[in-house]
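Chain S with the ligand: place on chain C using the hints.
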Amino acid sequence: MSTRVPLPYTPKVLELFRNPRNLGRIDDADAFAQAGSPACGDVISIYLRIGEGDVIEEARFESYGCAANIAAASILTEMVKGKTLREAWSVEWKEVADELGGLPPVKRHCSILAVGALRRAIRRYYGERRPDWLPESLTSVEKQALEEEEMIERLYGRGTLR
Amino acid sequence: MSVRDLLRVHGKPTREVYLDNENSGWVPKEVVEAMLPYFNSIGYGHPSITNRPGWEAFEVLEETSELIAETLRGDKEDVNFVHSGTEANNLAIVGSAKANRGKGRKIIVSDIEHYSVLLPAISLEELGFKVVRAPVDERGFVLADVLSELVDRETLLVSVGMVNHEIGTIQRMRELVETVKDRNPNAIFHTDACDAYARVPIDLSRLDVDMLTLSSHKILGPKGAAVLYVREVEVQPILRGALSSQTLWPGVENVPAIAGFRKAIELAFNDLEEKVERMASLRDFLIDSITSSVSDCMLNGPSGRERAPDNVNISFLRVEGEALTVELSMRGVYVSSGSACTSRILEPSHVMLAIGRKHEEAHGSLLLKLTRYHELEEMRYVSEQVRESVERLRSISPL
Ligand SMILES: Cc1ncc(COP(=O)(O)O)c(C=O)c1O
Numbered sequence: 004m005s006t007r008v009p010l011p012y013t014p015k016v017l018e019l020f021r022n023p024r025n026l027g028r029i030d031d032a033d034a035f036a037q038a039g040s041p042a043c044g045d046v047i048s049i050y051l052r053i054g055e056g057d058v059i060e061e062a063r064f065e066s067y068g069c070a071a072n073i074a075a076a077s078i079l080t081e082m083v084k085g086k087t088l089r090e091a092w093s094v095e096w097k098e099v100a101d102e103l104g105g106l107p108p109v110k111r112h113c114s115i116l117a118v119g120a121l122r123r124a125i126r127r128y129y130g131e132r133r134p135d136w137l138p139e140s141l142t143s144v145e146k147q148a149l150e151e152e153e154m155i156e157r158l159y160g161r162g163t164l165r
Numbered sequence: 008m009s010v011r012d013l014l015r016v017h018g019k020p021t022r023e024v025y026l027d028n029e030n031s032g033w034v035p036k037e038v039v040e041a042m043l044p045y046f047n048s049i050g051y052g053h054p055s056i057t058n059r060p061g062w063e064a065f066e067v068l069e070e071t072s073e074l075i076a077e078t079l080r081g082d083k084e085d086v087n088f089v090h091s092g093t094e095a096n097n098l099a100i101v102g103s104a105k106a107n108r109g110k111g112r113k114i115i116v117s118d119i120e121h122y123s124v125l126l127p128a129i130s131l132e133e134l135g136f137k138v139v140r141a142p143v144d145e146r147g148f149v150l151a152d153v154l155s156e157l158v159d160r161e162t163l164l165v166s167v168g169m170v171n172h173e174i175g176t177i178q179r180m181r182e183l184v185e186t187v188k189d190r191n192p193n194a195i196f197h198t199d200a201c202d203a204y205a206r207v208p209i210d211l212s213r214l215d216v217d218m219l220t221l222s223s224h225k226i227l228g229p230k231g232a233a234v235l236y237v238r239e240v241e242v243q244p245i246l247r248g249a250l251s252s253q254t255l256w257p258g259v260e261n262v263p264a265i266a267g268f269r270k271a272i273e274l275a276f277n278d279l280e281e282k283v284e285r286m287a288s289l290r291d292f293l294i295d296s297i298t299s300s301v302s303d304c305m306l307n308g309p310s311g312r313e314r315a316p317d318n319v320n321i322s323f324l325r326v327e328g329e330a331l332t333v334e335l336s337m338r339g340v341y342v343s344s345g346s347a348c349t350s351r352i353l354e355p356s357h358v359m360l361a362i363g364r365k366h367e368e369a370h371g372s373l374l375l376k377l378t379r380y381h382e383l384e385e386m387r388y389v390s391e392q393v394r395e396s397v398e399r400l401r402s403i404s405p406l
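Residue numbers (my numbering), protein chains in the order written: chain C, 4 to 165; chain S, 8 to 406.
Do not rely on the hints blindly, as some may be mistaken.
[Stated by the list, open to error] Derived lysine-lysine pairs resembling DSS-like cross-links, with alpha carbons at most 30 Å apart: (1) S:K36 <-> S:K83; (2) S:K188 <-> S:K83; (3) S:K365 <-> C:K146; (4) C:K15 <-> S:K19; (5) S:K36 <-> S:K230; (6) S:K113 <-> S:K188.
[Unchecked claim] Label pairs and their in silico Cβ distance ranges: (7) C:L10 <-> S:S402: 25 to 33 Å; (8) S:V153 <-> C:G27: 45 to 53 Å; (9) C:E95 <-> S:G311: 49 to 57 Å; (10) S:S31 <-> C:T142: 42 to 50 Å; (11) S:K105 <-> C:P108: 29 to 37 Å; (12) C:K146 <-> S:E239: 56 to 64 Å; (13) S:S300 <-> C:G27: 18 to 26 Å; (14) C:Y129 <-> S:E354: 46 to 54 Å.
Hints were generated in silico from the structure; no laboratory data involved. Glycine included, every Cβ here is placed at the ideal spot set by N, Cα and C.
Next comes chain C alone, as it looks inside the complex:
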């Protein structure tokens, strides 16, 4: 039985932390959302520019969080670029973790938060015009982001940093 705690980082995470792709906001983004809370120590913002046929022409991010958080947000924007919103919606947090070379349990919430922020942006983008493929109720990833925020707000009040 191995009782060794896995390393929190992979080479891929370190590479993306050093040279993040798609970093920075899009000022006139078509879709935008943030997930996480400063009190939890991680916040991800996702910005999308959306073109004809609901194709993501540009995806960018900002992150307050550890190196894995930055890498997860970065790789996700890379993964969804050129995809339709529908395709982007179906990206799972597990795929993001795999793309980073596998995240250990303590870092999984980073990829969950990234996917949560993306889905929140897509849901917001459609608003009332929700297409059929977009589930009416929140997916578990979206719920997790929300629960984290609500719990922290309940326990500690709104973060002073906002």
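Frame of chain C; chain S with the ligand shown alone:
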């Protein structure tokens, strides 16, 4: 995933400054040299066996005990060798509680103790002991009147670290010990002095603690040697095994490491005051230079003479500390953080929370621990790297 690939991607920075001496660190060459003979020339036997290499090993234990007793103004008979500060603290807390069961059920530990004190104490709740955590003020001080309120006739054991490992608070030890003993003369007082030894004066001829912990690698000695100093209190061994040369800890002592510990003590205590002054001035330079060049940051813990001479702990708002440690590592500056991310349990440092820091302040904290070997020029470099790293991470952040 392999750590080899991780290191390859990280690369070896051209300039390196190691400031993670809280967690561990390198060992001066004299210390390494003092250890080497004990691997294969002398004293490589078992210190409890009746042959020459065993007696040579025993001599190392004897001489190191004498030296430690001298530096503490204590008694060499009270020195017990174990293999780490964690082991010494576990022995102190669990061993004394079990041995004195029946004399009381209450165990008081400060809210900012090292986990190697806190967790063994909490583990005793299963056996019916009651653990009370003494709060600290916003600079990490346990106040005598607060402690006085908590100590009662049921109090079996009190443990307050002499210097806090994260924020460098130097407790007013004599006042605390006297308060406890006034309220209950039978209460056992333990202090974890891992971060006090060779940095603040310890005089056991005037300080009535019953047990005290020291760890070799916290004073630039090798890992694998530590001490629980035990006066006239009953303590039960917590490990079982063949009798060694000491009744409190079975198994063979780590003689080469203890020889290295001895050398580390000699080096540290040679002109101690001058070394402490030097560290304190480097510390203050680093604190001033970081806090004056980086916006939105705050010093954690007290300053000046109430702060350990080697401790710098600063929180940077809108920056997550683990990312900061990685960013700095790639720049060759090695430090640690009180962020939740760096802990395996995803909770921010309990010390930060105990002094009233908000979660986001704890997440952005950086702990830098220096040594007498550091140079002013390195502090300038570190301060510059910290400023650039904080700026870079803030530029990534949406906050
Ligand atoms: C105050 C304090 N106590 C105990 C320990 C644990 O000592 P060790 O690393 O030797 O187990 C440390 C180590 O960082 C410490 O700082």
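Going through the hints against the structure:
Proposed proximity of K36 (chain S) and K83 (chain S) is supported: the alpha carbons are some 27 Å apart, at most 30 Å. With a CA separation close to 24 Å, the supplied pair K188 (chain S) and K83 (chain S) stays within the 30 Å bound. Note on K365 (chain S) and K146 (chain C): the hinted pairing holds, with a Cα-Cα distance of about 25 Å set against a maximum of 30 Å. This hinted pair checks out: K15 (chain C) and K19 (chain S) have alpha carbons roughly 17 Å apart, not beyond 30 Å.
About 14 Å separates the Cα atoms of K36 (chain S) and K230 (chain S), which keeps this hinted pair within 30 Å; it holds. Of the pairs offered as hints, the one joining K113 (chain S) and K188 (chain S) holds, with about 15 Å between alpha carbons and a cut-off of 30 Å not exceeded. With their beta carbons about 27 Å apart, L10 (chain C) and S402 (chain S) fall inside the hinted range of 25 to 33 Å. About 49 Å separates the C-beta atoms of V153 (chain S) and G27 (chain C), a value consistent with the hinted range of 45 to 53 Å.
In this structure the supplied range 49 to 57 Å holds for E95 (chain C) paired with G311 (chain S), their Cβ-Cβ distance being about 54 Å. Taken as a hint, the range 42 to 50 Å holds for the pair S31 (chain S) and T142 (chain C), whose Cβ atoms sit roughly 43 Å apart. Separated by about 34 Å at the C-beta atoms, K105 (chain S) and P108 (chain C) satisfy the suggested range of 29 to 37 Å. For K146 (chain C) and E239 (chain S), the hinted distance range of 56 to 64 Å is satisfied, since their beta carbons lie about 59 Å from each other.
Taking the beta carbon of each, S300 (chain S) and G27 (chain C) are about 25 Å apart, inside 18 to 26 Å as hinted. Between Y129 (chain C) and E354 (chain S) the Cβ separation comes to about 37 Å, which falls outside the hinted range of 46 to 54 Å.
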